[in-house]
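Using UniProt numbering, the first residue of the sequence shown is number 1, and each one after it goes up by one.
Treat the hints as calculated values from the structure; they're not laboratory data. It cannot be assumed that every hint is accurate.
In the SDA-like style, the derived pairs of lysine to any residue whose C-alpha atoms are separated by at most 25 Å in a straight line are [claimed, not checked]:
| id | residue 1 | residue 2 |
| --- | --- | --- |
| 1 | K58 | G101 |
| 2 | K13 | K110 |
| 3 | K103 | M1 |
| 4 | K58 | T83 |
| 5 | K13 | T83 |
| 6 | K110 | E140 |
| 7 | K13 | A119 |
| 8 | K103 | L127 |
| 9 | K13 | V39 |
The following label-pair restraints were derived from C-beta to C-beta distances [as the list claims (entries may be wrong)]:
| id | residue 1 | residue 2 | range |
| --- | --- | --- | --- |
| 10 | D159 | S76 | 24 to 30 Å |
| 11 | D78 | K13 | 34 to 40 Å |
| 12 | T56 | T12 | 16 to 22 Å |
| 13 | A11 | P69 | 36 to 42 Å |
| 14 | F126 | D52 | 30 to 36 Å |
| 15 | C60 | S160 | 27 to 33 Å |
Ideal Cβ placement from N, Cα and C applies to all residues, glycine included.
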Amino acid sequence: MANGDLRTYLATKRPPQQLQLSWFRDMARALEYIHDRRVLVADIASRNFLLDSDLTIKFCDFSEASLLPLDTDMDSVDDNGYTARIDIGFLGAVIYEVVTGEKCEIDLFKDNLPSDGRATWPRREFLPNTENVWLGSIIEDCCVDGGFRNAHSLLRALDSITLYSPSPKSLYDRPSLTEFIQNLVDGRSIVRLAVILGALGTFALYMNRKQLSMS
Numbered sequence: 001m002a003n004g005d006l007r008t009y010l011a012t013k014r015p016p017q018q019l020q021l022s023w024f025r026d027m028a029r030a031l032e033y034i035h036d037r038r039v040l041v042a043d044i045a046s047r048n049f050l051l052d053s054d055l056t057i058k059f060c061d062f063s064e065a066s067l068l069p070l071d072t073d074m075d076s077v078d079d080n081g082y083t084a085r086i087d088i089g090f091l092g093a094v095i096y097e098v099v100t101g102e103k104c105e106i107d108l109f110k111d112n113l114p115s116d117g118r119a120t121w122p123r124r125e126f127l128p129n130t131e132n133v134w135l136g137s138i139i140e141d142c143c144v145d146g147g148f149r150n151a152h153s154l155l156r157a158l159d160s161i162t163l164y165s166p167s168p169k170s171l172y173d174r175p176s177l178t179e180f181i182q183n184l185v186d187g188r189s190i191v192r193l194a195v196i197l198g199a200l201g202t203f204a205l206y207m208n209r210k211q212l213s214m215s
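Using the sequences provided together with the hints, build the complete structure.
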């Protein structure tokens, strides 16, 4: 792909939030499609996403994936510890990495016995802190029990996110003439200007009366 893999891209660039959100929606949509075909990816990481010339994001590398029977219930499937929830957790780690710029490595065998080859999602204390992180609540629901049950619920949450851009000020928000002048000069200058204008007005009135008395 023209722009390489996502991890390498993030090493030198910070994509804007609008692009990030577009990526996350595409990722969730693709994962929803994959799970609907009864496939567990098992190795979702930023290095396994590719970016084409217009920065459209693509899944790649299904070498660790499991192809399951078509009648499999993806909400409850367990393939030696690998589940749809673990796929979603891995995707949450990718979202965290894109948002923060920090790599997020997940060890599925950290809490296991040496002889146990089953994958297990790590306890919360071994996961990154999502407090004050953009989309932190979505990342959290990807990674903890009681969060997103499937990719569809993740996509629905991402679709509910709205990015606001500052709108131009309306006519009613524009400063008055007085405020405009105040923005140009300081308070002491305004006082001096008022005194001068007052003196000129008094002088003009005096001259006008003098001309009337002479006629």
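Consistency of the hints with the structure:
For the proposed pair K58 and G101, the alpha carbon gap of about 19 Å is at most 25 Å, so the pair holds. As the CA atoms of K13 and K110 are separated by approximately 31 Å, the hinted pair breaks the 25 Å bound. Using a Cα cut-off of 25 Å, the hinted pair K103 and M1 holds, with the two alpha carbons roughly 22 Å apart. Distance restraint check for K58 and T83: the Cα-Cα separation of roughly 22 Å lies within the 25 Å cut-off, and the hinted pair is therefore satisfied.
Distance restraint check for K13 and T83: the Cα-Cα separation of roughly 32 Å exceeds the 25 Å cut-off, and the hinted pair is therefore not satisfied. Of the pairs offered as hints, the one joining K110 and E140 holds, with about 20 Å between alpha carbons and a cut-off of 25 Å not exceeded. With a C-alpha separation of about 33 Å, the suggested pair K13 and A119 falls outside the 25 Å cut-off, and the hint is violated. Straight-line distance between C-alpha atoms of K103 and L127 comes to about 12 Å, which keeps the hinted pair within the 25 Å bound.
Only pairs whose Cα atoms come within 25 Å are accepted, and K13 paired with V39 is rejected, the gap being roughly 32 Å. At about 25 Å, the beta-carbon gap between D159 and S76 stays in the expected band of 24 to 30 Å. Between D78 and K13, the C-beta spacing of about 38 Å keeps the proposed range 34 to 40 Å intact. Between T56 and T12 the beta carbons are some 19 Å apart, a value that agrees with the proposed interval 16 to 22 Å.
Between A11 and P69 the Cβ separation comes to about 40 Å, which falls inside the hinted range of 36 to 42 Å. Distance hint check for F126 and D52: the Cβ-Cβ separation is about 34 Å, which falls inside the suggested range of 30 to 36 Å. For C60 and S160, the hinted distance range of 27 to 33 Å is satisfied, since their beta carbons lie about 28 Å from each other.
The structure does not agree with the numbered hints 2, 5, 7, 9 stated previously, though it agrees with the rest.
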